[in-house]
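Enquirer: Chains as they are written, first to last, in the numbering used here: chain A, 1 to 447; chain B, 1 to 404.
No lab work stands behind these hints, which were simulated from the structure alone. We put the CB at the ideal spot given by N, CA and C, even for glycine. Each hint should be verified, as a subset may be incorrect.
Some chain B residues flagged as far from chain A (calculated, every beta-carbon gap over 10 Å) [stated by the list, open to error]:
id : residue
1  : Val60
2  : Leu82
3  : Arg84
4  : Arg251
Rough simulated footprint, nothing fancy, chain A against chain B, three-plus residues with beta-carbon under 8 Å [stated by the list, open to error]:
id : segment
5  : 327-335
6  : 381-391
Given next are the chains, with one letter for each unit.
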Amino acid sequence: MTAVTGYWNRLSVPSKVLLVAIPTLVVLGAVATVALAILVPPLVDFLAANEDLVRFLLAATIIIVITIPTAFVIIYLELKVIARMNLRVGPDRVGPWGTAQSLAHGFKFLSKEDFTPRGVDVPIFTLAPVAVFLATIMGLLVIPFAPGLVAQDLNIALLYFFAMGGLSVVGLMMAGWASFNKYSLIGALRAAAQAISYEIPLTLSVVGVVILAGTMSLNTIVEQQAGSFLDWNVWKQPLGLLIFFIAATAEANRTPLDMTEADQEIVAGFATEYSGMRYGFFFFAEYVNVFVISALTVVLFFGGWNAPFDWPFPVQVTLDPASLGIGLLFLVAVVPVLGTILLALPFWLLSSRISTLQALAIGFVLFNLLAVGALLGWAFISFDWVVGLLWMMLKSYVFVFVFVQMRATFPRVRVDQLMGFAWKWLLPAALLNIFVTAIAVSLVANG
Amino acid sequence: MTTPTRPSLDDPSLAIPVEHAGIFDPIPVARTERQREFYALKDGELLLNIGPQHPSTHGVLRMIVKINGEQVVDLDPVLGYLHRGVEKLCENADYHQVISQVDPLEYISSLFTEWGAVLSFEKLLDVEVPRRAEYIRVLSAELNRVASHMLYLGWMALDLGGITPILWSFAERDEITEILGALTGQKLLFNYFRIGGVNGDLNHEFMSRLGDWMSRVGAQLEAGMGLLNENEIFVRRARGIGVIDRETALRMCVSGPNLRASGVPFDIRRAHPYSVYPELDFDIPTRQEGDSLARYLLRMDEVKQSLRIIDQCLHRMPDGPVSAKLPRLLRPRPGRAFSAVEAPRGLYSTYVVSDGTDQPFRMRIHDPSFVHLQLVPLLMPGNLIPDTMVIVAGLDPIMGGVDK
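Bound conformation, chain A alone (with noise of 0.2 Å):
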């Protein structure tokens, strides 16, 4: 025994960890493989027979795992843009540049006290974020984000959308009267009259594009935005875009059409009351509507996944990594290693000041940026849905970025305001571009 414990004891610690780490390694392999060999016939003939199914939980958690990170994003985003113009610096301390601030913020949520006053009604008070939230992330569904990258292609996928934006005012209402305090009740009531207001013109405005498209499904109407940026529908329909953003503002509740949290009037509407993570809920929620309004402004109005231009030297890269064979167990376990030795070996000759286990870790570091660039560039360049994401994202988040501006620069409106710019002025001009649309089309159809 003693024997054994004063070998350990002489190894350096990149030996321990080897030692320790190579059996355990094979033995996982090894219990892997066997596991697969018994479990994987069964689970692809199950998932052979369920291709649906398959196609929809895949898209399905694609995007969810891009979204909440969004929404991360944007609270940042949003931290340092209003930082920047309101002369401050903004977060600066959790991570680089403040970038864990939002996470950091999310951790605080988390660890809140989850306080439930007395006298609410406790299930609907409870209910009503998930709601909320749920409602929220429901309209994701069928956005599509890059080609095939749509959850469910609904032929009905734009009206299923207002649904759900639709239903979010339900769980405002659910938190406004629940509460049990006058400030939400007035918020939530807010929300209500807002939602009725403006679900119309946000609803009409998209008629136009409906009539253009002859679908309602948002992958259809994408693909017939296909082309140059000439193509898009906000050249054939700038009054409808010009409608469906600012009813958008007030349907994601924004500034200045944020009425039903107006914090100088009304504390903080119907989510006064709330406290902790179930708070975290609203707010989170409200991050993800700006996303995905702004996806759904790009996706009717500005091509959704499409490049605004065809790239003026076309790249083929024929290489199918299947056809390697052997080859490719090689380039796994070969390639990294001489990549690494070779990327350390300038480093460890031209200064004496780093030492060898210096050099081979910047090589390390530098192969594994080569590494990933280079695995990037071949998906970019391989695969369609790469640069469609890409695309939909840059879009999306120039949205995104206006209403975070609009955020820091505009007042709010007041209430009467609000309702009387939906009826008199919104109104009136959808239903006008409805007309002249389907006037425009019937004359381009007949002749």
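Got chain A; can you put chain B on it based on the hints?
Expert: Using the frame of chain A, we list chain B on its own:
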């Protein structure tokens, strides 16, 4: 032998019964006819308590608002959360100490409260103030007026939901605070004026900071005001809200910018001149509309006039002492004196009675914010809840002065 009992406000036998239809509130106990009328809710009405802890009440103003939907039916301001008994404190301090007691009344523009006290004591003592001291007083006070009005700009915008203007105007205010800090040694409650002069001459840091600031203040002010003056949402929300006509303004003893926004060109600096204001060249801006927008724009005009005054003070600053020679302990002759200064919020006046000792026998302070707050229940009925904030912010009360 029974001890005589004083009537208590908590005595249930004094309560006047009210008809009450609210579901949220415990039934309130009315003490007066006005309260009985206020608390009797009709169908569809709701009592909403705004403040003293609320994002947009200035300081600790509490308003009980009776609303019908979004519309304000009636309003009852509740005061006294910041009451310190300043007048009584002044009666127990000697004449020099009074200056620091009145400082926190208008804590945004505390040089004017000092000036009011100092001016009345000088009248009582027949002190001649050196001309250089008078010029320094005008210079520092007008700087303070600019700082106060910049804060007004920010608050007004913040109460309307705009988050950027307050930080822009605070950048301006911060510079003035630094400048006055270099002169007085304090940044908020300056305690700088003395009976018969000021505490310390102009120094190098003050002059260099002031010169630096004066060279770029014009462009900065234009940028800050440009955020609001041409903002359609802001203008639409402030225009026509809380209109005070000329007669109401005079009847309710309104003064200062709020009075001048209603078309009465009354400014103490011109009507009853004090200090060296007669020698200085400046205009009294007035506006006819009397609404919140006019009150806002008028203050921005006043900022420009204040900058003119500061410029003239710097050019005409005479040499000489900055303080009159006075004994440590002041015992004025028995008598009374009254002084009024034009504070950023209006007529700030001090009435002091001396009985020949080293402490004031009685000191009465008239603060414009208190008078202006009386207008809120008059202006509010018929407006909406969001207008509450516009009207209160537009009148610009300081709760330190209201509650005294």
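Enquirer: Each hint needs a verdict: does it hold in this structure or not?
Expert: These are the hints, each one checked on the structure:
1. Val60: holds, 16 Å
2. Leu82: Consistent with the label, Leu82 (chain B) stays out of reach of chain A, its closest Cβ about 21 Å off (over 10 Å).
3. Arg84: The claim holds: Arg84 (chain B) sits with its nearest Cβ about 28 Å from chain A, beyond 10 Å.
4. Arg251: holds, 29 Å
5. 327-335: violated (count 0)
6. 381-391: holds (count 6)
Consistency with the previously given hints fails for number 5 only.
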